[in-house]
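Okay, here's what each chain looks like letter by letter:
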Amino acid sequence: MAHVLIIEDNPDFVDFVQVVLDLNGYDVAHTGSLHAGIRLSNEMPPDLVLLDLDLPDGNGLDFFDQVAADMPVLVMTASTDADLARHLQALGARYVIKPLAARDLLDLVNTSLKKGAAHDSPADSHRR
Amino acid sequence: MTRSSPLSHSALLPALLAALSHELGSPLAAIKGAATTLIDYRQRLPDDRIAGFLHSIDAQTDQLNALIDDLVLLAKIEAGTLRLQPEPIALRTVIEQAIDQLPSEQRGDFSLEGDDPQVMADAPYLRQALVLLLQHLRASSNTPTSLRLETLTTAQIWLSGPIDPKPHDPLAQVDQLVNSTDASRGRQAVTLLRLALSRALIELHGGQWGIEQRSGDEHALCITLPLAHEMAESD
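Chain order of the listed sequences is B and C.
What the first sequence shows, in the working numbering, is residues 1 to 128, in sequence order.
What the second sequence shows, in the working numbering, is residues 129 to 363, in sequence order.
Derived list of chain B stretches under chain C, where covered just means 3 residues or more per stretch with a C-beta under 8 Å from a C-beta of chain C:
1. 15-23
2. 78-86
3. 89-100
Pairwise CB distance ranges, derived in the manner of DEER restraints:
4. C:252 - B:1: 55 to 61 Å
5. B:3 - C:170: 25 to 31 Å
6. C:206 - B:65: 36 to 42 Å
7. B:110 - C:229: 46 to 52 Å
8. C:240 - B:44: 52 to 58 Å
9. B:44 - C:170: 32 to 38 Å
10. C:173 - B:27: 17 to 23 Å
11. C:206 - B:97: 24 to 30 Å
12. B:69 - C:197: 43 to 49 Å
13. B:66 - C:175: 37 to 43 Å
14. B:57 - C:239: 31 to 37 Å
No wet-lab data here; the hints were simulated from the structure.
Predicted, not measured: the structure shown is a model, and the values here were computed from it.
Note that CB positions come from ideal geometry on N, CA and C, so glycine has one too.
Construct all of the structure, not just a fragment, from the sequences and the given hints.
Given below as structure tokens:
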């Protein structure tokens with residue numbers, strides 16, 4: 001069972017993600033804090049992190065500096081800012097613009113986990 | 129009565145709008161997520177989960193609606209299409225109505241005393257200005273605020289309590305928004321938007337908005353509005 005960590009501060013959005021992933025057999029954990037998310041990710045690296053950028057205790061982009069470079073991360077942001085998109089691409093981060101439907105969320109998580117597994121192979125071990 | 133927008137005189141507007149994207153997108157994301165989960169998974173969800181998603185849609189829609197209302201008001205002020213229809217009104221009544229529009233648990237935080245001047249104002253828009261201001265004060269602090277009405281050459285509303293002078297300075301607002309990098313930027317933008325709208329509506333009424341330093345860190349906010357009989361004489 002794949003372990004997914006959600007780092008997101010909107011409880012209603014978390015409910016949505018948690019229910020969809022629960023019903024599809026994922027093991028889901030959640031925190032609304034960037035710092036707690038960094039700690040949890042380093043203590044027990046999840047198979048995938050779903051990361052919001054606008055968090056009460058900091059900018060989600062700082063997450064990338066403080067966890068292993070090959071940790072699979074899917075950024076979920078409501079921002080359509082072109083500079084942010086370029087920044088995420090430079091980081092090699094996968095990202096999706098909110099809002100998104102339940103089936104799209106599931107497709108993205110499934111795809112990200114497959115890509116993350118591919119990145120774990122010795123031939124392709126660096127995301128950034 | 130139309131006047132040029134007080135908001136146009138600063139660089140506040142672009143900074144506000146840029147910072148508001150998160151506050152618009154966040155409720156929308158929750159609504160879309162809840163609705164599509166109900167469409168795709170309703171048969172597999174217990175009743176309490178279904179009710180939870182429906183309540184979420186309801187609450188987030190209200191949040192989004194309030195923000196859209198504020199932005200529509202901002203657009204009207206900026207475009208100069210907001211048309212006030214001033215008439216003589218009792219200021220105390222309008223303030224009491226503004227307090228009554230707050231959620232019941234917040235009304236007790238505001239007390240009102242003093243005169244009952246007649247001012248020349250568009251009652252619905254003046255009430256809206258006061259509601260936005262009281263919401264801002266309540267969002268800034270849970271400390272009680274007292275409102276005192278005085279009649280001099282103008283009607284004066286003195287607000288004493290947790291008045292932070294910084295957000296009342298438009299240039300400081302821009303600096304705060306541009307320099308913030310976390311989620312507080314969006315919430316800060318909503319607070320500042322409501323404060324800026326309140327101030328703009330007061331100024332469109334020919335009123336003034338000033339902060340007075342009291343002892344130490346204490347400040348009072350003074351809003352002045354033209355008295356009805358002064359306006360009638362000047363006409």
